[in-house]
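**Q** Note that the protein sequences, when read in sequence, are chains A and B. Counting from 1, one number per residue, gives the positions in the first sequence under full-length UniProt numbering. Counting from 1, one number per residue, gives the positions in the second sequence under full-length UniProt numbering.
Don't take every hint at face value.
Below, in silico cross-link-like pairs of lysine-lysine (DSBU-like), each with a Cα-Cα straight-line distance of 30 Å or less [said to hold, decoys possible]:
| hint | chain 1 | residue 1 | chain 2 | residue 2 |
| --- | --- | --- | --- | --- |
| 1 | A | Lys233 | B | Lys279 |
| 2 | A | Lys150 | B | Lys316 |
| 3 | A | Lys114 | B | Lys279 |
| 4 | B | Lys316 | A | Lys233 |
| 5 | B | Lys94 | A | Lys114 |
| 6 | A | Lys150 | A | Lys175 |
| 7 | B | Lys177 | A | Lys175 |
Cβ-to-Cβ under 8 Å is the rule here; a few derived chain A residues that face chain B [as the list claims (entries may be wrong)]:
| hint | residue |
| --- | --- |
| 8 | Ala99 |
| 9 | Thr100 |
| 10 | Ile108 |
| 11 | Thr113 |
| 12 | Arg116 |
| 13 | Met121 |
| 14 | Leu123 |
| 15 | Pro124 |
| 16 | Val127 |
| 17 | Lys175 |
| 18 | Val177 |
| 19 | Cys190 |
| 20 | Ile191 |
| 21 | Met192 |
| 22 | Val200 |
| 23 | Tyr256 |
For the record, the hints were derived by calculation from the structure and aren't laboratory data. We put the beta carbon where it would ideally sit given N, CA and C, even for glycine.
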Amino acid sequence: MVEGVSHDAVRNEVLEKYFMSQALRVAKEALDVGEVPVGCVIVLRDVNDFDPSLTTMSRQYDGPEPDDAFDTGEHQYLTSSPYVIVSHGANQVNATRDATRHAEMVAIDRMLTKGRSSDQMKLPADVIQKSAHGKIPNDYTLGRVKDGDKWINVPSCATHWKNNFGWGSDRIYDKDVFSKCDLYVTCEPCIMCAAALSMVGFSRVFFGCKNDRFGGCGSLLHLHKPEALPSAKHHGFPIYGGILEDEAISLLRSFYDRENFHAPDHKRKRKLPVDNVSS
Amino acid sequence: MVTMSCSNSSNADWFIEIESPDAEEVLPEWIECYIIENIDPTICGPLSKDLSAILPLRSPLSSAETNASTTNQFPKTDHLKRARRRAATENEVKLSANNSSAQTQKLSSSSSDDKTSCGNKKLKSEDVESGDINTEKQSNGHNIKKRKQKDRSNQNSTPWSLDVLVGSVQQCNDSLKTATTTRNATSPSLLAILAKYGLSEESPNFTRQSLPGRPAKNKEERDEWNKSVWPTLFFEKKTTQFKQEEIALTSAEIELMKNGMQEALADAMMGYTQWREWKEQIEPSRDKELSLLISGALVIDPQTGSIVSRASQERKLQGIAGDASNHQTWASFPDYINPLSTAPLLAIQGVSRIERQVAISNGMESDKFRGGQYLCTGYDVYLTKEPNIFEAMSLVHSRVRRVIFGIPDEGMGGLGGPKSSGQEAGIHSLPGTNHHYRAFRLNLSDGSDGCIGGDMTRKSLVAELRNLHPEKEVDCRNI
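Please model the entire structure based on the sequences and the hints provided.
**A** Below you can see the structure in the form of structure tokens.
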């Protein structure tokens, strides 16, 4: 929403890269289960905005010392920022047999309905496991039991107060919360998702690579602009592209270099162009 | 009889297709071109080749977008053939008789024949360049071969002449202009080419003529042009006549669409009943003021005419707590808690639910699953209200066949509703996306009335739909 933007449009490169790297982590997990590797995280910018009682909470990091995996930027995020990841999502198109279950839709659905139209709609793991018509490459781990569907903000300290917000914490949000949230998604939102982000009223949207095929934030349409539609109900949102772009592209490339073994035989393409990107 | 009074004479008025604005390219009926008449068969082939190098008839396909500005300035000549063979006029017969006796004595008839076929081959390769429909290419090649044989047999009986198309007047003039300003050694000017074959602009057989400015609309026109105007390439599947016949709705289809709209209305009504149920269930004091606009949506398999999924059905499945088998109370109302759970999305999710059931019960390796439904491919979607861009694009992703809706949404609509936003309106035919579908809207204007069945007329259907979506008050005179 417009107020949110003017109030807090401060860019923080370290945080942006940190959150995008987390979105990439989600995308990689999607690749493991044979989905198009696009991932996103939703970040609540100030937990105090959300729940004033939280101001009494310690802002200090009280867990063990961060290990080598965390650089100083991440450490800073972990210890002092009021930013909290409240949801995350990756494509679930193949698992739900629903072409609209894109990363953004899944992440929003998890916040509002505990994944009623995404996670709760997924095919059982044992069915998915056999889904590839006997053509699963050896390096795919379709049946692997993953806890990636849960989200922990501070992995090194399970009891940290920040871990109380993400998917898996059983917290349900009201639809108004998005005006206080940023979205970090590895690939430019498609037209459907861009319109959806405007409908729910995201404060800011950060993305990695462009989406030449379906992009709704500058590639095919410009739905992030408030004037894109005549209705006053269309607000748009500020976008910031190109964050960790190369990583997002190479991840997508690693998917499209192989064939989509979930598609039925007559629909399966033998060779997909690398830029055939859907988010 | 009731059924008799509901005759289908006014069926055609029921639905209006929403076409993308740039679907029909407006081409002129006739264009002015330069041609060289009665050309020596021995030079026809090489000349055609040289002309094609500087004045191509076909616009390059690969760079269609980047070249848009340059190709648009000239009339399109893609459909015209380079050369025409016609019966020689009396004058030409005399002339050629003189010529052949005077100077071309040494050319044996067989070698001239070879040259002609050589020229034809060049023409064929140019047709290939145009990259049009394969079968047409092949049949062209076929014709040429046949014609060659005919040529041999008819060589002496009917005298004929060859005309060569130089190009459209604008294109030629432009070529002459640029040739004088920038003399490029690698690409010879038009004048140089003409001079090479002993021709010039001043030659008496260098003439100006009106040629068809567009491909023929039907076979009759094509034959007429071939006979008396100029030979053109003809692609039956690209003709407007074929397209119109192809896309025309049959009366059976319209009947199904009428019923589909009525069912979509019923789905929206059911949605409001569900909404009331939920409101009564939660604290009555708080929710009196809660309001929600619910539209109706359903997916129909046009092959069987059966309803595959209804939004209201999926809403119930998602809104009612899983283990409340005894009470069937609403745990939450999907549309209310998630603004993205709108009727069209719920209907899509209903289809995916069925596909998952097939996957679970038959196994995903089973032939039944693998040969079965893939997303919403081939299905038609009926909506009481125009989908917004979010919903319209979700239908693209789901690969639906057609979308039919009732009331337009001028503010947020994704299928032509927001007239002021120009090209951004038609999500169903957006250039660049991997799937397009046909979109229809119910004709809301007053007109001859037809019945759906029972006592539901178009007027009453429209009235009911407007009742459902009152906030989108639309002046039907402007539609």
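**Q** Now, for every hint given, state plainly whether the structure supports it.
**A** Cross-check of the supplied hints:
no., hint, verdict
1, A:Lys233 / B:Lys279, "holds, 25 Å"
2, A:Lys150 / B:Lys316, "holds, 27 Å"
3, A:Lys114 / B:Lys279, "holds, 21 Å"
4, B:Lys316 / A:Lys233, "holds, 28 Å"
5, B:Lys94 / A:Lys114, "violated, 92 Å"
6, A:Lys150 / A:Lys175, "holds, 21 Å"
7, B:Lys177 / A:Lys175, "violated, 65 Å"
8, Ala99, "holds, 4 Å"
9, Thr100, "holds, 4 Å"
10, Ile108, "holds, 6 Å"
11, Thr113, "holds, 5 Å"
12, Arg116, "holds, 5 Å"
13, Met121, "holds, 7 Å"
14, Leu123, "holds, 6 Å"
15, Pro124, "holds, 7 Å"
16, Val127, "holds, 6 Å"
17, Lys175, "holds, 6 Å"
18, Val177, "violated, 12 Å"
19, Cys190, "holds, 7 Å"
20, Ile191, "holds, 4 Å"
21, Met192, "holds, 4 Å"
22, Val200, "holds, 6 Å"
23, Tyr256, "violated, 13 Å"
Violated hints, listed in ascending order, are 5, 7, 18, 23; each of the other numbered hints is respected by the structure.
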